[in-house]
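Chemist: The residues making up each chain are set out below.
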Amino acid sequence: MKPPRSRGSRRRRDREAALGAPPAPGPGTAGPRRPPQRVLSGVVLDASPHLLVLHTADGERRLAMTGETSVRHGGLSGGLAALTAGCSVVVRQAPQGPAAERLWVEPARIAGTILACGRGTVEVEMGPHRGRATVVVPPAARGPVQVRHPRLEPGFLFDAICVRTPDGPRAVRPGTPQPAHRAGRPAAASRSAPAAELVQGTVTWFGDCVSAPGRGAAYPAVDPEGDAGGCAAAPRGCVPLPYLSLGSEIGVHNECGGHEGTVPVTECGCAAARWCDRCVECGTSPRGRLAELTPEAFVALGGDLEKGCFNAVLRPGAPAPPAGPARRRGWAW
Amino acid sequence: MMNTGLLTTGVLDTGVLDTGVLDTGVLDTGVLDTGTAHAGVLDTDVLAGVGNAQVPLLAAVLLLAGAAKLVFREPVSAPVDATGRHRVIGVPSRDGGRVLPWRRSRRAGVALALAEGALAAALLATPALAARVAVTAVFCASVWVVGELRVRHPGSGCGCLGSLSDEGVGRRGVARAVLLAGAALLALAAPDAGLRVLAGGPLPLALAALELAVLAALSPEITALRRRRRKVMPCERRPSPLAETLETLHASAAWRRHAPAVGAAAPLDVWREGCWRFLLFPARDGGAPADLVFAVSTAERDRTVRAALIRPEPEIPARTLAARQMK
Numbered sequence: 001m002k003p004p005r006s007r008g009s010r011r012r013r014d015r016e017a018a019l020g021a022p023p024a025p026g027p028g029t030a031g032p033r034r035p036p037q038r039v040l041s042g043v044v045l046d047a048s049p050h051l052l053v054l055h056t057a058d059g060e061r062r063l064a065m066t067g068e069t070s071v072r073h074g075g076l077s078g079g080l081a082a083l084t085a086g087c088s089v090v091v092r093q094a095p096q097g098p099a100a101e102r103l104w105v106e107p108a109r110i111a112g113t114i115l116a117c118g119r120g121t122v123e124v125e126m127g128p129h130r131g132r133a134t135v136v137v138p139p140a141a142r143g144p145v146q147v148r149h150p151r152l153e154p155g156f157l158f159d160a161i162c163v164r165t166p167d168g169p170r171a172v173r174p175g176t177p178q179p180a181h182r183a184g185r186p187a188a189a190s191r192s193a194p195a196a197e198l199v200q201g202t203v204t205w206f207g208d209c210v211s212a213p214g215r216g217a218a219y220p221a222v223d224p225e226g227d228a229g230g231c232a233a234a235p236r237g238c239v240p241l242p243y244l245s246l247g248s249e250i251g252v253h254n255e256c257g258g259h260e261g262t263v264p265v266t267e268c269g270c271a272a273a274r275w276c277d278r279c280v281e282c283g284t285s286p287r288g289r290l291a292e293l294t295p296e297a298f299v300a301l302g303g304d305l306e307k308g309c310f311n312a313v314l315r316p317g318a319p320a321p322p323a324g325p326a327r328r329r330g331w332a333w
Numbered sequence: 334m335m336n337t338g339l340l341t342t343g344v345l346d347t348g349v350l351d352t353g354v355l356d357t358g359v360l361d362t363g364v365l366d367t368g369t370a371h372a373g374v375l376d377t378d379v380l381a382g383v384g385n386a387q388v389p390l391l392a393a394v395l396l397l398a399g400a401a402k403l404v405f406r407e408p409v410s411a412p413v414d415a416t417g418r419h420r421v422i423g424v425p426s427r428d429g430g431r432v433l434p435w436r437r438s439r440r441a442g443v444a445l446a447l448a449e450g451a452l453a454a455a456l457l458a459t460p461a462l463a464a465r466v467a468v469t470a471v472f473c474a475s476v477w478v479v480g481e482l483r484v485r486h487p488g489s490g491c492g493c494l495g496s497l498s499d500e501g502v503g504r505r506g507v508a509r510a511v512l513l514a515g516a517a518l519l520a521l522a523a524p525d526a527g528l529r530v531l532a533g534g535p536l537p538l539a540l541a542a543l544e545l546a547v548l549a550a551l552s553p554e555i556t557a558l559r560r561r562r563r564k565v566m567p568c569e570r571r572p573s574p575l576a577e578t579l580e581t582l583h584a585s586a587a588w589r590r591h592a593p594a595v596g597a598a599a600p601l602d603v604w605r606e607g608c609w610r611f612l613l614f615p616a617r618d619g620g621a622p623a624d625l626v627f628a629v630s631t632a633e634r635d636r637t638v639r640a641a642l643i644r645p646e647p648e649i650p651a652r653t654l655a656a657r658q659m660k
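Protein chains in written order, with this note's numbering: chain A, 1 to 333; chain B, 334 to 660.
Because the hints were derived from the structure by calculation, they are not lab data.
None of the values given here were measured: they were computed from a predicted structure.
Each residue gets a CB set at the ideal place from its N, CA and C atoms; glycine is no exception.
Be aware that one or more of the hints could be misleading.
Unchecked claim - Label-pair distances were calculated between CB atoms; the ranges are:
(1) Gln178/A with Val379/B: 51 to 57 Å
(2) Leu51/A with Ala598/B: 57 to 63 Å
(3) Ser6/A with Ala584/B: 31 to 37 Å
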């Protein structure tokens with residue numbers, strides 16, 4: 001047995017030592033099952049009509065640009081002009097070969113609770129670990145944003161797909177498919193509802209390539225005790241999910257495209273727990289955000305950063321509960 | 334004869350004064366002054382009675398809040414380390430990030446409960462203005478606090494009744510705080526101590542009971558209490574305080590069996606997955622360093638503990654590893 005390299009793998013080793021190896025996962029969901037897409041994220045070093053040079057976490061990477069490569073910037077087809085040195089991008093590679101198939105330039109997403117609204121700006125509290133941000137809502141985006149956020153008032157939720165600019169995030173389109181509700185009033189799941197092995201709902205993305213690099217997920221039910229890494233004041237979401245910790249792994253299956261993969265929990269998703277919306281990318285999903293993925297992980301699992309969500313099935317992967325009387329129901333006190 | 338009405342009749346009935354009683358101006362003024370004085374006494378009595386009714390009401394509310402804080406503990410303690418900093422990932426929150434976790438800590442809960450109990454005792458025992466002013470200040474401050482929580486931390490409960498108040502502050506919560514602050518202001522005019530009011534007539538008590546019913550109708554904690562009594566939360570979703578886990582661990586047979594090997598009082602790592610909380614301790618296994626991991630159930634009752642001693646594989650020297658890879 002090799003010494004564990006990361007906290008997640010060490011915790012997995014310790015868990016299996018104490019409880020034994022987990023049983024093989026069940027059959028999962030119906031429909032096509034495809035591996036994650038090939039995705040890179042990083043900072044542009046150089047861009048030409050035929051070559052894109054990126055600085056990634058694994059070093060310098062070179063990707064071929066073709067006539068089929070689509071460059072998206074701020075909700076529009078940006079072209080090569082958008083690829084300036086120093087900008088951050090998420091690149092979805094072609095299924096075969098080193099060519100770039102689609103690029104998103106400076107993607108960002110701001111979701112949280114509205115603190116204040118100014119003339120064309122919205123100040124948003126994104127949770128205790130993400131801080132605050134002021135989003136500029138330009139006139140072109142104001143109409144679509146107000147359709148999903150008819151009450152731009154303090155205390156209501158806000159979610160916008162943005163583009164990073166030197167002046168801060170600029171809203172491009174709303175991120176939620178339904179009108180947002182008041183932050184303190186999510187329809188919390190029943191107290192006695194058990195967490196299912198497979199949970200259906202919506203999976204979204206968060207942050208940008210700088211604040212949320214690599215592949216990871218913000219999970220709404222991270223334990224706040226000890227070194228688990230959860231937020232102290234996280235609300236109980238509208239989906240019954242088991243408590244996990246940073247480093248735990250969740251399985252995500254994209255019901256729209258069939259891509260599926262395992263993603264480590266890297267952040268507390270208390271902001272996602274406030275939302276009780278659905279995704280309507282392919283049919284209507286049940287209510288509730290199951291996880292927020294980093295941009296790279298979201299694209300790898302078949303998501304489109306401009307659409308903001310996909311219908312998903314989540315496998316939280318919590319170990320089996322203790323057998324016997326501990327599972328029985330009764331009076332709480 | 335210039336006298337009128339009652340005075341004249343009175344004078345004639347008594348027969349003491351004859352026509353010589355002509356100072357009607359003085360007599361009339363005297364009668365009018367007496368009437369005004371009666372009305373003033375009546376107003377003061379009503380105000381004192383209403384104020385008196387608030388004293389047992391406020392004492393009951395304070396006692397209830399204090400007892401609830403002791404019985405219904407906050408589900409989680411503050412995730413702060415010894416230096417007072419957050420242990421959660423990322424930057425600590427800028428607004429309320431220290432106050433809210435502090436408020437959820439057990440020590441703060443006990444301190445607040447004791448303070449509320451002391452204020453209630455003062456209200457019951459003495460009519461001193463200082464106690465009334467302190468109570469008024471507390472309830473007025475609570476209006477500001479719940480207002481701030483509603484706007485700035487919509488998901489955070491006020492903790493007014495311990496963990497029963499874990500839902501976000503709504504309009505009803507604000508209305509309840511305003512009503513209590515109003516009651517505290519009225520209590521400033523109460524002449525009697527709470528115990529004396531309790532021993533007195535039924536009217537103030539009836540008024541206090543009515544107000545208590547209104548406050549109960551405005552309290553979301555009643556619903557939370559009813560829900561809490563209904564079903565046990567599944568272990569994978571149940572908030573389990575770390576103190577409870579440590580208590581279970583230290584009382585377990587697995588801990589007693591492995592205690593001699595444990596190399597530190599505090600665990601190196603604590604994390605949770607579903608129904609299990611894991612605690613990793615440094616240990617010695619036959620003189621060699623090892624890891625000792627405990628898995629403690631987070632169930633409501635009948636919690637089980639499992640343990641495993643892990644001897645880490647010795648690190649392979651880089652030269653040997655390179656040689657192996659070459660083969």
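Chemist: Of all the hints numbered above, which does this structure not satisfy? Sort the numbers upward.
Modeler: none
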